[in-house]
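S.K.: Now for the letters of each chain:
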Amino acid sequence: MFFRILRQSFFEGRKRKILAATTVALAATLITALLDLSVDVGDKMAREMKSYGANIRVVPKSETVALEVGGIDYNPLKGRDYLDERDLPLIKDIFWRNNIVGLAPFLRTSVEAEGRAGQAVPLIGTYFDKSLPLPDDDTYRTGVTATNAFWAIEGAWPDDEKPEEVLLGRSLARALNLAPGATLRVQGTEGGPTPLRVTGLLTTGGAEDDAIVAPLALAQRLTGLSGRVQAVEVSALTVPENDLSNRARRDTEALSTAEYDVWYCTAYVSAIAHQIEEAVVNASARPIWQVAAGEGAIIGKIQLLMLVVTLAAFVSAAMGVSSLMNATIMERAREIGLMKALGAATWEIHMVFLGEAVIVGVIGGLIGCVAGTGLSQAVGLMVFGSTVSIPWIGVPVVVFLSAATALAGSIIPSRAIARLLPVEVLYGRR
Amino acid sequence: MIAYLVDMIHAFGPIAVVCGLVLALRPQTPSRAFARAAIGLLIAGLVLGAGAYQIAHAQGFASATRTGMHLAGMTVMALALIALAARSLRSGLAFTLVGPLLVFVMAARSAFVFARDIADRSLSAASVLNTELILNLTALFTGTLAVAGLTVLVLQAGRHAQRVGAWVLAALLVAESGVSTATALLGLLQLQAIEVTAARVSFVARAGEAAPWAIYGELILVGLLAVAAFAGGGRSAVPPPRAVERRQVRARMLSRRRWLTGAMATASFLIVALLYHDLYASLPPSLSPAQPVQPDAQGLVRIDVNAVKDGKLYRYAYITSDGHRVRFFLINRYDVAHAKIGVVYDACMICGDDGYIQVGNEIICIACNVRIFVPSIGKPGGCNPIPLDHTVEGGVITIAAADLDKGAKYFSEVVEIEVTDPVTGKRLINLKAPFQYEFKGRMFYFEGRESYDRFKKAPEEFAGNVEGRYFRVQGHRDS
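Order-wise, the sequence lines are chains A and B. Going by the numbering used here, the first residue of the first sequence is number 1, and it counts up by one from there. Going by the numbering used here, the first residue of the second sequence is number 1, and it counts up by one from there.
Hints were generated in silico from the structure; no laboratory data involved.
What follows is a list of derived Cβ distance ranges for each label pair:
1. A:Ser-389 / B:Thr-398: 50 to 56 angstroms
2. B:Gln-298 / A:Glu-253: 56 to 62 angstroms
3. A:Ile-390 / B:Gly-395: 53 to 59 angstroms
Each residue gets a CB set at the ideal place from its N, CA and C atoms; glycine is no exception.
Chain B with its partners taken away, still in its complex shape (with noise of 0.2 angstroms):
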């Protein structure tokens, strides 16, 4: 349900801020025209983006035509940007002509994205009227009222407000081309138009980390707009002589509190479902601590049977000379008179290293939300924990830190330790170790270039004739 309310707000709330702002700061000489014009493009707007999101779908070129519209937004954007320059110069034509054209160009973006995002989405799981198919047309009714008020109190503090008004779009174009700036970057990689390069990798990361806050900061600047708009001022210092311009003035007061609080309301209505979507209730399961394991002398991890056999899942972690936390855990695969302990890495094969989670009686994995038939645990296939090599002798299960060590890259969390330079000897914290290198599944790390040369150069010569590890593209392994 909030699931449908926050895609909404996250489509058509950028959008609903722009066109308000727009109308609001239309020319005074053809206002309606400009108004009518506005209003037509934005439903052309939303229809084509959905329409082109269903055909490019359906034929399979959504990826280019998502870049194609983001491409698009963002040169509009720019355009709108530079007319709104202009206009602060008292030169408001390139605004009227851009205006519409942005109400355009983003409405369909907004569509586009909005039925990308609900695409794998289902609203109803039956074929007959359901709770849940009620409150999902619930949540897409109250976005499509949220959103609808939000564009008209824009308008209202807008025109209230115009120099504010002004800012307000400046800063919303400038956030919201940054977005379709790193969208189309993204798809051009993609599509292979344009060439790999660490500097852009990293702007799409970052900007593909900021994108979903956004719409936070828009938010308030339209609580800031309307504050501008409408709170304060009014007031003459000198209440006016006569009854009824006294009453005049109040009622206008009055008037202009209501939409104040409208605005307000809104704006932290849709910020507080955000906020629980992005907080609480988009927030995967979280495992359970691991016990950390140190092997004994002989390099050996040794567990009691009798400590692990009660049902309940017990996770315990190693940390590799390389830093790598390699998880495991231990649960009885029967009852507690027949104990059958399944010894696995705390990773599935498909689905990488989310891990499992135990919830009353059921193993359930993080990543793709399937139950695991517990008597299975402990053999390869399916989405199962990946099988871990150990002995069982005398109600102490036995597992070599060698066997572990073998596993750490079905794990990618690297935590900070001290290690040595294989070349020099040299003590070094992994993490802030200037060069590294990965062989057979091992990183070996250096402290300065010189070092990881020579290395390089023959890697066998300084890391011995260790056995690689595995990988998990190379599926399970006996061994």
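With the rest of the complex left out, here is chain A (with noise of 0.2 angstroms):
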């Protein structure tokens, strides 16, 4: 019976009944553009924090400290610290050695290069398959072939025990107009001109496709800083972040004695940091999150604002459909009169009003997912540069909110019931 009056008072008034959907439409459009925004950069966070493997990048302490003044940094020591390479083993002999998968130092310094006079090239030295012998075994070699497996060269690697090779970043050797096999002369701040042999281009799609990327020990010679690196990036394999290591990353010092056990047992990415710090003196650690780092941050930032507007987006379109409700209850005084009349108890009335505003709600919310997709992939296009994946879980959330606004809106009209008598109505007096 409740869906027989349901279907047949449903096609009432149908202008007024667009013009409701519509304005749910509008808020289900704005709301389900911020979901998809945010929930696509919200994923790929999740993604990273819950794999299993991860970076972690050691600089000395000195570089951690926050110096920084009205966005300047004033830390005498910036880039003039440095880690010792022969600590470089030390990484591999922690409690979770076995999970480092590969290290790689680097030491970034400037050089003149011939054909380019005048202008420093940023030459980076580093290691690419270094055997670096270890107290347990000694035939270990690591470099960036193991840490930076997305590093895409065109040539061959360089040897790092011979001191000549290197690579050249591919926008630098489309400046220097330089092909693999070619001879570059550089001038470091030590020593005299030294002839280098590019071996391979290197495209990383990062700093490194502007620059020399050279074994440790040529960048080492070229700055006089033999045996100094001045970061190690460690490559790991671990287990997803939980409410644990969240928690143990913020303060070990608030974890029992029991939870620090645990956490220092397990291949948390922050326990591994943490053991790679107590391992080399004067070392930080801290594990690299790309996401988390970019568009997470930014994401993360304007989320409270984002919040309001869904809210604001909310009761505006509950208003709108709240002063339609008023008018339809006003408009069917009379129905409601005869229903009462023939014994409907107050809340079956309400329920015939209510069930129309939620079908009223779900379908502007549907139409409001589609407009707010289309929305979504242009801002992302426009913000990001990028189209944004079609979060599915982002329907049943807006069409959910969508049914919540227009029941919202409908309440307070339909108080209004209660307070109708069958006599009045019936006879025409309101």
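Since each chain sits alone in its own frame, please combine them into the complex, following the hints.
M.R.: Right, here's the structure in full:
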């Protein structure tokens, strides 16, 4: 019976209902667009946090001293403090040593290259696939081939033991017009001009594309910093982050002894980083989370703003629905009076009107989902330069919110139902 | 997602049923005041329980608080059972007093349990809104709706079938007070407030095993209560003569049928969610089968390198003379062209003998879910499998059965085999031997007390000068 009444009454006052659905759809469009953007980045971040591998960056402790004032870094030791190359095997000697897949030290400097007089060219010293004897494994080899597997080269990798073989970043190679096999003369801060042989061209999508990437020994010789490195990148097999590791990351002191033991003996990236700090004197180790540091940070900062906008859309749509509903109830007062006279309970009449509101809300929400998805794709293209993957989870959420909007808008007007007296409305006094 | 839903059902299922039934069985006279008091105390209890967990956890006495809560729960449930008995003797006063108190204490217990259960889960891995967060919130929302619905349904059913309702409440109180007793007893044992005895530990262990299944029984009871309250009946043999009355009877029947459907649907939904979690979603991955190995006449196990170099995990099992099942596995650490086989026990120094599985190219420790760096298999440390002594010669890996035997203590699995009493020489079945004694990590079985006592006095005499087995607590040892 209820559904029969609902079906018949639903097609009454179509114009007003279309208007209400449009109001809801507009709000839903906005909410969908914000939700799609946020969930897309959030999912990428969650995937990063839950992956089974992570990179850790080890730098001298003084690098992490925060001395930024007004966006300018006043840390006098920035770039002047170094780690000792002899300490590198210590990283492979921690409790979770077997989970460390590889490590690569870095020393960044700049040189003057011929053909580019007066302009400094960055030179990055690192290991490619260098032998690094360990106490329990004297055949251990490591380098960027293990840590940065995504580095694509055209040509051959240089030999770490031949400090004149280098890789050339693709953009720099184009600027200097050099191909693999060519020779390049450079002048560092120490020593005379040094001829380098280019074995390959490197594409990484990062700063390396504009730099010379050389064996560490060469970079040290050119700068006179023998035995020094600026940073070490460590690639480790980890387990996904969870609540315990999140708390440990904030403050290990806050953990109870039992929790600390569990954390220390689980291969969380934070636990591995902590053990590296324990092993290497004067070092600070931090996990590298690409998405979390990039898009995640942007969305994280504007999340509150998004919430406020969503709330405003919700409230304004509900108010729109409310005024439309008010008019409907006034218009159908006689019908309500008749239902009451026939013995319908107040809640049963409420159900008819609220049921209508929910249907209108759902229809509006579905329209809003389609429109909002289009909008988020456009925004994604403009802001991030790529389309946003469509999170299907957004559809039920938006439809639910839309139904709730319509429902919230109908609650206050439908209170008038209780006040209507059959005798008055049927008599035409109201 | 399912974990949150199941946590909610486990924590709040009992209090929903109790609250519904206490309200349904409320006394006739101060009915309104009673309901208001009960609902007020319900909310107070929930807030108190959740708050107590946060404070107790931060201050480091969560265990003591939990024990206290369960002790209080146990006491009040016992009181409520007495009050229920008195109620059947037409004295409702005791129940009027105890009912709201029961709701309060059980609500506090539920909120405490729930707060503890979800403490080590995180709603979301990232700080930005994501799919996982939405799913988890949906689970919490659905759980809240289901538990609230359960309360209303039980209330309605209890009002229609008061006697059955009282019996259901009594059965539930017996089950839940059993769970509380076991938990409180375990807490007292842990806090060393009472002495540890075999009977107490055995009770705690059995009750602890049964406790997670109590909720199934309670939900089935709810279903039975709904059947008793709403199914059949109501229809009088002779239909009323007047049309109005006939329609009224039909309306009543319809409404009863709707309540029955609602109750059945809710109870089934909760049971299906629980079953899905318990029988499927929460099961650990299972190990691939181990191939049994028998040492040859020289006590050596030989395995051809070519047979195991394709990068797959090859698991074997060896049964020691006292029935320990020692698992070990072989895996090629490099590629097929450069076969370097890691030979290791299927156990970890930290995590124990849950073992390792291969998923795709990854080797995973089941216990802690860490991915093992395959080239490092065969080295000690971290969560790596424990290395096993072996020699490689002419493309054949040779493992001494004596070395496998030394690692027997890394494994807890004991299979039924025939053993010899070292004193009398009688053959007997190890798991059915009346006496057993561990010496240097080896288990010896005896046919009677006499040979057991003789062995205990001078084990060397019978066992000979055997080398001890390794213990996990000793850590890795190079032999």
